[in-house]
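J.: Respectively, the protein sequence lines represent chains A and B.
All residue numbers for the first sequence refer to my numbering, where the first residue is 154 and numbers rise by one.
All residue numbers for the second sequence refer to my numbering, where the first residue is -16 and numbers rise by one.
These aren't lab readings, by the way, just hints derived from the structure by calculation.
A few of these clues could be false.
Simulated crosslink set (DMTMM-like; lysine to aspartate or glutamate; CA at most 20 Å straight-line) [as the list claims (entries may be wrong)]:
#1 A:LYS233 - B:ASP249
#2 A:LYS257 - B:ASP249
#3 B:LYS41 - A:GLU214
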Amino acid sequence: MKKSIGFLLSILMILAVFSTPLSAAGQQDSNPDAKELVYWSMWNETEPQAMVLKDAIKEFEKSNPDVKVTIQWNGREIRKTLQPALDAGTEIDIWDEDLERIVKTWQPYALKLDDYYGQSYPSTNGKSFEDTVMKSLQAHLKTLSTDKGLYAVPYQPYVVSVFYNKDHFDKAGITSTPTNWDEFLAVCSKLKAAGFTPVTIDDAYMDLPLGMHLNRKFGNPDAVEALVKDRSGKLWDDPKVLETAKEFEALAKGGYMSEQVATNKWPAGQQEVATDQVSIYFLNGTWLPNEVMGTTGPDFKWGQFAYPAVPNGAGAGAGTFGAQGFQINKDCAAPDAAFALAAHLTSGKWDQELSANTFGAPMDTSMEWPVQIKESAAIFASLKSFVPWSGGLAADPDAFPIVKAEFTRLLAGQVTAEEFIANIKSNL
Amino acid sequence: MKQSKSMMVLFLTPALVTFATVFIYPIIRTVFMSFYYVKTVTDSFGKWEFVGFGNYGKLMASSMFIQSLKNLGNIWLWGGIGVFLIAILFSMILTSGVKGKSFYRAAIYLPNVVSAIAMATMWIQYAFNSKYGLFFQFFSFLGMDNAAAFQWTSPDNQFYAMLIAYSFGMVGYYVLIFMAGIEKIPSDYYEAAKLEGANMFHQFRHITIPLMTDVFRTSIVMWSISTVAFFIWSQVFSPLDPDVGTIVPMVYMYNLVFGRNLTLTDPTLLNAGAGAAVGVLMTLLVLLTFSMVNLVFRDKKLEF
């Protein structure tokens, strides 16, 4: 026993003696040009997006042996943790979150990327990077920053549209999607006649149809923001507001809304569509098919159309869209490597992988959109102007919940158009 | 004696210093901050802008903050009455010598062990859902179609739905406290009362209630503190933006400091200083409740 312990100890000693020069030799072998990038991610490690990003980063490290990427999976908590960390001087080279949020909130911490957009990268197939990124997103990015510069690299774009079940439309004999409000009501009527419940929505998206409708009526989000910020209530007397309310009242009166609409807590309404009980989801982002994929399976026949033009409105063509985006720290020690990584993740193969794995939209203009959201590609391409999320209704945090609650009652047929306006005015 | 005093100082100093750093300093800083416009929590002092009572004025002028106070008041009062009455009833039954006491006690306490997020999601999706939820199934089974069609989570009813779900989870906690209080009362009192011909109600009225005063006082203070911190249930009932029926001061504060969950908050609306003011007001509210409770229950200390 004693002998064996002595033997073990001597082996350990020998190892200890030789390991010192070995490790020193190891240090000498390391690359003096090695760069380390720290990436703070908005994803949780188990999300499909994270899985794809992880593989993509591994491949990037393989083809760029001098770059080592350290990932910290923050999840959506990054909204709260990023800025304190940056203020405290934590080394973070690249981060991601909602495109609008990162540019509007963290532009002062970010590197201006205009020069990098002009260059080509292995994943851009010989084209310059700016030729692979949707033009609408680039234009949008510039409007978000204070100096019309490019302060982020977008990926996973989305567009808000009306989602429908193509099978229901076929069975109801509907051959084309509605482009204006009258056609929309006619579609609802046909669906109802065919035995379907035409329309539903959840509490989480309830503000979208009203915001979009008012944008179509007034022609711009500023008017909607002014309306919701008006404490005197005078702007609510505008005949256009009553027209809007009347048009939604017609949906409720026609019996076109799901009976559950007032009580739908997300994702109950989405499930109504996914389980074939309702034909149309009023408005949602391109992520909807992925969110309900567990219920529908990949073969559900999804269709999309843009929010219809409204009577006496300023025409269609405006829509809500956006993306996630990567941002690079202005103090990053290896900005070239950081941008090369962002380009690697958002164009070519890995953009396609991300799109395929999340049934989301690709950012690279040369890529195919997944079949479930294919019709959204045309909607995206046809957009002429940007409508913020909620169409500007969320501009006033005090009035917004009141408007949303009354709109829910209006859609559910619990109040008339006139009561809708009167209730908002009295509660403001 | 002298030596022991210096030893006390020596041993207490680390604890006092730690307490001062992690409690006193943040409290003072928060109170101080509530008089400034501070865009984000991590802004250095140089960026703070003195506004006096401006933040408090803004809060009082905000209809949603007032609404959040109303909701909090209703949770405190109606939730409190409901939880305490049910908890007293259960603790009376469980201390009356009923069989399987420890099983029932564990079963009633169980909701406290489950995470609040899981509980709230369960209530929303499996109990309140007006298409296949528990209440729908139950009332449909009884043939009460109007009750079955009740829209629990609509804007008109969601406050009550949230209150019921929250209170359900809180009962078990107070049952344990009340049971401990009742079991501490010597059984001789009840026996003597029985011999004198007192029924259950008389015993409860004249023995249990007076001897439980201290327990009630502590429980009311604890209930007040936990309702002021009401946050998770509101967040799960309206995860993206608070609704009129679900907003509470803590959610209002969260949105002021960190912005909204999905919609991008106009950066000019972010105000950590006003968030600090909400925190100060809530602390004052708890202190006020504490003194009111002490006033109501004063001089009633009984020893037994």
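J.: If a hint holds in the structure, say so; if it doesn't, say that too.
T.: Going through the hints against the structure:
Note on A:LYS233 and B:ASP249: the hinted pairing holds, with a Cα-Cα distance of about 16 Å set against a maximum of 20 Å. A C-alpha spacing of about 9 Å is found between A:LYS257 and B:ASP249, which places the hinted pair at or below 20 Å, so the restraint holds. Restraint check: the Cα-Cα separation between B:LYS41 and A:GLU214 comes to about 52 Å, which exceeds 20 Å; the hinted pair is violated.
Checked against the numbered hints above, the structure breaks only hint 3 and satisfies the rest.
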